[in-house]
Amino acid sequence: MVLSILHRMTGVAMSIGLIVLVAWLMQAAAGPEAYLRFTAFMGSTVGRLLLVGWSFAFFFHAANGVRHLAWDTGRGFDKRSADRSAWLVLAFAVAMNTIFWWALI
Amino acid sequence: MSLKTPLGRVLGLGSAKEGTDHWWGQRVSAVALLFLGSWFLYSLLGLQNFTYLEVIRFVGVPLNGVLLSLLAMTLAYHSYLGVQVVIEDYVHTPGTKVVSLLLSRFAHVFVAIAAVYAILVIGIGS
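Just so you know, the protein sequences line up as chains A and B, in that order.
For the first sequence, the numbering used here assigns the number 40 to the initial residue and increments by one for each residue that follows.
For the second sequence, the numbering used here assigns the number 56 to the initial residue and increments by one for each residue that follows.
Calculated from the structure, these hints are not laboratory results.
All clues stand as given, with none of them false.
Facing chain A, according to a computed beta carbon distance under 10 Å, are these residues of chain B, among others: (1) Leu130; (2) Ala169; (3) Ala170.
Using N, Cα and C, we set each Cβ at its ideal position, and we do this for glycine too.
Just chain A, same shape as in the assembly:
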């Protein structure tokens, strides 16, 4: 039940993240100075925290999206299965985000 609103929140968060992704490409296209201004901000503590949040949002939204696709086929819709897959999705997102940042740094 909580995951339902979290799915929306991570979705909207990534809609804002999409602007940053495109800003990254635009600043790279604009040249070295513009690109440096972008990385200076995203490399700051606030920028890094936002990036960790966006990657978590991706892993969560993707895993929970697969959960929704399974529901669309009528599978796993009873309360017990839904509760269990909710924990599975959360654990997956936290684990994948940890592995991702461990591999990136």
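Here the structure of chain A is known, so what remains is to put chain B in place on it, guided by the hints.
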């Protein structure tokens, strides 16, 4: 007995005139994004310091440019469908709702075009 016209029965649409397009479009783009998003995050692991030259070289590889363009366009489409539902659910004033939906549409088209344009500029320049 159905009161639908024969044409209405064939088209299979309700009063909204768009049937399952929104629902289906969201699912198709979701599946595409599972692949494109995973590819993107995996590619980021290959970039060491995110320097200007490193990023230009990465985006300049034709296959990367194509996949990045697909990612940005599919993200914009999926994001537009999602934000549309959020606006429809939470914005109740008719005027504000229409203006919000319009601005969201413009913003998403802008973002998609900007991404593809930037990728082309980088690709042609490198």
